[in-house]
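J.: Taken in sequence, the protein lines are chains E and U. Quick note on my numbering: the first sequence kicks off at -3 and runs consecutively. Quick note on my numbering: the second sequence kicks off at 657 and runs consecutively.
Distance windows between CB atoms, simulated: (1) E:Pro345 x U:Glu685: 49 to 57 Å; (2) U:His723 x E:Glu215: 19 to 27 Å; (3) E:Asn204 x U:His723: 34 to 42 Å; (4) U:His723 x E:Gly431: 36 to 44 Å.
For lysine to aspartate or glutamate, the following EDC-like pairs were computed, each having C-alpha atoms within a straight-line distance of at most 20 Å: (5) U:Lys789 x E:Glu640; (6) E:Lys112 x U:Glu660; (7) U:Lys789 x E:Glu644; (8) E:Lys509 x U:Glu772; (9) U:Lys769 x E:Glu393; (10) U:Lys791 x E:Glu640; (11) U:Lys769 x E:Asp508; (12) U:Lys782 x E:Glu644; (13) U:Lys782 x E:Glu106; (14) E:Lys112 x U:Glu685; (15) U:Lys791 x E:Glu644; (16) E:Lys290 x E:Asp312; (17) U:Lys782 x E:Asp103.
The set of hints was computed from the structure by calculation and includes no laboratory data. The beta-carbon is built from N, C-alpha and C at its ideal position, and this holds for glycine as well.
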Amino acid sequence: MSRIGVFVCHCGLNIAKTVRVSELAQFAATLPDVVVAKDYKFMCSTPGQEMIANDIKQHKLDRIIVTACSPLMHEQTFRKVLAASGLNQYLLTIVNIREQVSWVTHDIEEGTAKAKALLNGAVYRARLLAPLTSRVIDVNPDVMVIGAGIAGIQAALELANTGKKVYLVEKNSTIGGHMAQFDKTFPTLDCSACILTPKMDSILQHKNITMLTSCEVSEVKGFVGNFDITIRQKARYVDHGKCNACLACTEKCPGKGVSEWDEGLVKRKAIYIPFPQAVPQKPVIDRDSCTFFKKGKCRLCEKVCEQKAIDFDQQDTFIQVKAGAVILATGYDLMDTKPLIQYGYGKYPGVYNALEVERLFNSAGPTGGKVTMRDGREPQAIAVLHCIGSRDKNNSEHCSRVCCMYSLKFAHLFKEKTSADVYQFYIDMRAAGKGYEEFYNRIIGEDVKFIRGKGARVAQSPDEEGRLIVEAEDTITGKFIKVPVDMVVLSPAMVPRADSRDIARLFNLSTDKQGFFMERHPKLAPLSTMSEGIFIAGVCQSPKDIPDTVAQANGAAAEALTIVVKDKMELEATTAMVNPASCCACQNCVRVCPYGAPFFNESKGVSEINEALCKGCGLCASVCPSSAIIARHFTNDQVLAEMEGLMEF
Amino acid sequence: MSFEPKILGIACNWCTYTGADLAGTTRLEYPQNLRVVRVMCSSRINPSFIFRAFQLGADGVLVGGCHPGDCHYNTGNLYARRRLAVTRKILEFAGIEPGRFRVEWISASEGNKFAEVVTEFTRQIKNLGPQNKFKISQ
Ligand SMILES: Cc1cc2nc3c(=O)[nH]c(=O)nc-3n(C[C@H](O)[C@H](O)[C@H](O)COP(=O)(O)OP(=O)(O)OC[C@H]3O[C@@H](n4cnc5c(N)ncnc54)[C@H](O)[C@@H]3O)c2cc1C
Ligand code: SF4
Ligand code: SF4
Ligand code: SF4
Ligand code: FES
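Whenever a hint applies, use it, and build me the whole structure from the sequences.
T.: Right under this line is the structure:
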């Protein structure tokens, strides 16, 4: 016989509105083994928790059922109450009558009936629960940060400054991310390089940071506290240990490739650094544009390199890294606007995307900071088209949040650098950040023409060659307009990296509808994920500006620190074990386990489970033909009893 | 009174249960006939759970897991998928209408899919009427 206490929460009116909570408590009191049943306004508040703690003592309760919100919200909160009252924390059961009852119905009869059934199931289950002991493991003190844009850079520096060792993994041959492509940043218009390059340099200099460029994660093993990660480093064909960054090689190289960094606007050498302030300053060879790799002859770089750093035989290498926690900061791509043929991107040379324009403004960019078009002309009229692909049910439903602001930034820079007329075609002006409305007002004062209406089409002018016509409906006057311009700038949706789903798979994350990484809770755990020990920061979570990205990076660093600051941590006790008396030695469990936890003990003739490796999925328990495996906390008896309770009402 | 079926749901913690929570957080309404058991992974589901549910009087059983390939335990639901396909065959063989058993892959971000599936499945079970084939009367 157990002694069960049932605590029904009103959650203000969140639950009480569609579930009769006091009736539910009275109902609970009639169920087997229930000794006390109470309802209370906010069970998770201090008085609510104290009530449970007192009742545990007063009524000598040995099972607690909290009938409230989702276990994913407050299971940990109430487990602590049990532990503090001397009761094993696994003797808690949560009944989810908020997310899965009161919030999904309007009908108080239906809500109350369903809540009763769920509670009955919980009582049946609770009676069969057993106390469990959490496992304590050693924690690896290092952190891995993946992606070295401003988010990753900030998080790495923050952690390294606390004395922790950080591995910063970057896919590109330089760190910096998108911010390093910009000339100025809204709303303050401070120079991007001036605030970013010192940080990039600190990454290089910091004794606690290992920077791994041209690297990607290829395999992830282990779990929170003990990740075991394999990194693939792409062959650079330059030995960075020997290279002294003189860059003599890049001058002599005859190879020509398309500069990814300059968004394809110009060519670069085959041996190159992406931009003058790149970190590291050491070049890489791009196989596809290298004359030697293509034709078997050249090796000019090798001839001029006094350090003998060129190594055409270099291979991809694999690096093994252990870490206690991981921060993902892989950022975003711009949507490919070619499929939106109405805008003529890729067809008319006068149509640009936003990142290309950032490079035109940049003094280290393809035009040295001058606004000249592909044909060399300076534009006389420019249209900036907001919301291309964003806020568009056929493409990306989300608002990309920064496009209004950078489009205004473009207007300012166009005005500063050219004498062109500048038009903004927008649906709504979203200027909700600090200093944003002020920035908007400033740009209004700069003789920029605002047209409230989404650009619908870009066409070639029938009269003048090279002129483009932007068509739109001006929603203020209700008229269709056609504006002739020389240059069109598309502000496309920010979308997840092309490989974001692969990364999500590697780290066991969920992605949202668009493919951005999902947070554990949209409000209370925006930087954590469903995979413990994996955190997210920056635009890989959703579009945002640099200030928000930096704030998230600091937050993610602090979250990662809460794990690696301790040398030991507790893991869920909900692992599987084999009852040797029933095991028939079929070894099904050994074959199916995704983590190789079960092994066959030859001398005993039965299988056993290595608890350190088991993650508690329960797969083995359901393939064991002799029911020899006990999936702790989800045993056959517990699950079947709960089902019985659920089906009774 | 119209027939109100009892539907047993078994949902994995990481995807479908979280998706169900999201349906609640976004206040999507769906019929209240479903009662969900939470397990860590759909691979925990032993076919006997499904048979037992019908014995206990379930008019329908809905299993929910992560999309194949997205299981929190890597390959867990790939095993579940195959095992549940066999379970369906056995149920059919035993004379349970195939429409009473459904497996859906619903991710943590698919609150709307969860609500849609529950709504649609409930309607389907209502049309099928009470399940008495397996039910053991208490
Ligand atoms: C045109 C434009 C102008 C903008 N102007 C401004 C502005 O003026 N002010 C402002 O506040 N915000 C601006 N923004 C927003 C700003 O770009 C972002 O807030 C910021 O760059 C986000 O940084 P991040 O580190 O999250 O992502 P990113 O800058 O995208 O960095 C991610 C890094 O991760 C690396 N990476 C990606 N995948 C992997 C992988 N699998 N493995 C390893 N590494 C990987 C990438 O190579 C990159 O270095 C602008 C955005 C656009 C599109
Ligand atoms: S010439 Fe040699 S040392 Fe100089 S940058 Fe090139 S690879 Fe490095
Ligand atoms: S599946 Fe069960 S019976 Fe077979 S070896 Fe594993 S524990 Fe033993
Ligand atoms: S519960 Fe899952 S992880 Fe643990 S031994 Fe069984 S199959 Fe492996
Ligand atoms: S965790 Fe969802 S199916 Fe395995």
